[in-house]
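Visitor: If you want the building blocks of each chain, they are given just below.
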Amino acid sequence: MDLKTLKKQESKRKISKGYMWALFCAVFWGIWYLPGTVVWVLNPFDEMSSAIAKTSGDGISLVVTAVLITAFNALAVMLALMLWNGVLGKYGELVRTLKEFHPCSKWFFLASIFGGPMAILGSFIAMGFIGGAFSAVAGLLYPVVGSILAYYWYGEKISKRAAIGIGVIVLGGISIYGGGLFTELSSGNVPWIGYLGGLMAAAGWGIEGAIAGKGLDIAEPDAGLTLRFLGENIIWWIIIIPILAIIGFPMYSFALKAFEPLTLLILVFAGITFGFCYVTWYKSFPLIGVGRGQGIGNLYGFCAVIFIFLFFGDVPDWTILVGGLLCIAGSFIMFTEDTSELETLRGE
Amino acid sequence: MSGKRPIKFRVLEFFLDGKEYWNYEIVSKIQEEYGMRSNFQRDSINFDILELASGGMLKDVEQKVDDEGIYKKGFLLHKYMITDFGRVRGSDACLMGL
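In the order they appear, the protein sequences are chains A and B.
Residue numbering for the first sequence follows the working numbering, beginning at 1 and increasing consecutively.
Residue numbering for the second sequence follows the working numbering, beginning at 1 and increasing consecutively.
Some hints could be false.
Below, a sample of chain B positions facing chain A; criterion: calculated Cβ distance under 7 Å [what the hints assert, rightly or not]:
#: 1; residue: K4
#: 2; residue: K8
#: 3; residue: L50
#: 4; residue: E51
#: 5; residue: S54
#: 6; residue: V61
#: 7; residue: V65
#: 8; residue: D92
#: 9; residue: A93
Estimated spans, in silico, between C-beta atoms of each pair [claimed, not checked]:
#: 10; chain 1: A; residue 1: V315; chain 2: B; residue 2: D67; range: 53 to 61 Å
#: 11; chain 1: A; residue 1: R13; chain 2: B; residue 2: M81; range: 18 to 26 Å
#: 12; chain 1: A; residue 1: K257; chain 2: B; residue 2: F40; range: 36 to 44 Å
#: 13; chain 1: A; residue 1: L310; chain 2: B; residue 2: F40; range: 56 to 64 Å
#: 14; chain 1: B; residue 1: G3; chain 2: A; residue 2: S159; range: 38 to 46 Å
#: 15; chain 1: A; residue 1: V322; chain 2: B; residue 2: K72; range: 46 to 54 Å
#: 16; chain 1: A; residue 1: H102; chain 2: B; residue 2: D17; range: 19 to 27 Å
#: 17; chain 1: B; residue 1: M81; chain 2: A; residue 2: S159; range: 25 to 33 Å
#: 18; chain 1: A; residue 1: I148; chain 2: B; residue 2: D17; range: 35 to 43 Å
#: 19; chain 1: A; residue 1: L171; chain 2: B; residue 2: F40; range: 42 to 50 Å
#: 20; chain 1: A; residue 1: D314; chain 2: B; residue 2: G74; range: 46 to 54 Å
#: 21; chain 1: B; residue 1: E32; chain 2: A; residue 2: D317; range: 56 to 64 Å
In case anyone wonders, no lab produced these hints; they're calculated from the structure.
Just so you know, even glycine gets a beta-carbon here, dropped at the ideal spot from N, CA and C.
All chains should be built: construct the whole structure from the sequences, respecting the hints.
Guide: In structure tokens, the structure reads:
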């Protein structure tokens, strides 16, 4: 076979594989909102939030419960990723990467601060206060934060096309937030903490992406992502939960009650879906480029709305649907910069 | 395992001399150094090179058909060289602590 047909064949194979990974990412990420929503009504988390609400009020009790849920989510993701690295035979690489603290793994630990206590906690808060569909769609705003950050931080240019994409996503954001807020303002009952959670998700993921990228481009993603979740587990289990316990919240007594079959099952489900959405996301980048990988990955918002409808029968407000569609359209405008042939990806 | 750097660091280190290398040359060197014998591990090293290229740190400069089965018969072989960005990232990562 000649060089030209082989080249074509190879790029076709790369592209179809890359799209497959990116789609898997969207599906896993979307499914994650199912266990993420369900876990709130399971014990010990249900009991915990009502117990704390009696003494500290609803708002604080939901946030403290969200902390414990996020911590268990991080633990479950870590277990799923350790298993994944074991299957791939990458423990050696994991240790080698961990040791390179200064050039490499420090970025993962820094990223975990924004990914965990900000983005994932924010997502859970938004799920608990407002609902899964809102939480998923609000997170779609993260590329705006990411690219603005990259502009100021490493002087990455924002092209005209990217600016248009950002504009469309922002319009989507206004629709997502504005729609619900409008009716709630008139009824005088606004779940502010839930909206804050949505913003935390978007800002946290945007910042996490910009930081983690610095470590991930010189590490193997399988190892790098595991270290990022190692960092998040340290933050929750060694820093925040002990602090909350010292303040007087019953963190440990409820944490120990999490070992119920159904709760564990749902947590494992959350860990697998969330862990693999990260893994597949990064697998898609070298094959179709970061832009397309993220653009397609963002279909997670769409997947989440569909799954939530199928499993819970919830139809989100039309403002959330319109906002989500705008965000996905915007991320495609923003990311699929290169209209020429698919073979030339970034860096050429 | 002790003393070895992460695989991508080592790959960049090879390219820091500014020369062009074929993917199979790098892959077999890494396989030998890290004791990674299986085909799966071989492909995973090759994917690391692919990731470095897509991250803009290596540039794909030449391709040829693998007629003799040096790497995988009937597939394409790629020759890479380091980019300026790769040089910066590579020297950050690799020269530190050497």
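Visitor: Now tell me if each hint is right for this structure.
Guide: Hints and how they fare:
1. K4: holds (6 Å)
2. K8: holds (5 Å)
3. L50: For B/L50, the interface hint holds, since the closest Cβ of chain A sits about 5 Å away, which is under 7 Å.
4. E51: Hint on B/E51: holds, closest Cβ of chain A at ~4 Å, below 7 Å.
5. S54: Hint on B/S54: holds, closest Cβ of chain A at ~4 Å, below 7 Å.
6. V61: Cβ of B/V61 sits 11 Å from chain A, so the hint is violated.
7. V65: B/V65 check passes; min Cβ-Cβ to chain A is 6 Å, inside 7 Å.
8. D92: It holds, given that the least Cβ distance between B/D92 and chain A is near 6 Å, below 7 Å.
9. A93: It holds, given that the least Cβ distance between B/A93 and chain A is near 4 Å, below 7 Å.
10. A/V315 to B/D67: 53 to 61 Å: With a Cβ separation near 59 Å, A/V315 and B/D67 satisfy 53 to 61 Å, so the hint holds.
11. A/R13 to B/M81: 18 to 26 Å: Between A/R13 and B/M81, where Cβ atoms are some 24 Å apart, the hint holds.
12. A/K257 to B/F40: 36 to 44 Å: Once the Cβ atoms are compared, 41 Å apart, the range 36 to 44 Å for B/F40 and A/K257 holds.
13. A/L310 to B/F40: 56 to 64 Å: violated (36 Å)
14. B/G3 to A/S159: 38 to 46 Å: holds (44 Å)
15. A/V322 to B/K72: 46 to 54 Å: holds (49 Å)
16. A/H102 to B/D17: 19 to 27 Å: holds (23 Å)
17. B/M81 to A/S159: 25 to 33 Å: holds (27 Å)
18. A/I148 to B/D17: 35 to 43 Å: holds (38 Å)
19. A/L171 to B/F40: 42 to 50 Å: With a Cβ separation near 46 Å, A/L171 and B/F40 satisfy 42 to 50 Å, so the hint holds.
20. A/D314 to B/G74: 46 to 54 Å: For A/D314 and B/G74 the Cβ distance comes to about 51 Å; the hint holds.
21. B/E32 to A/D317: 56 to 64 Å: holds (60 Å)
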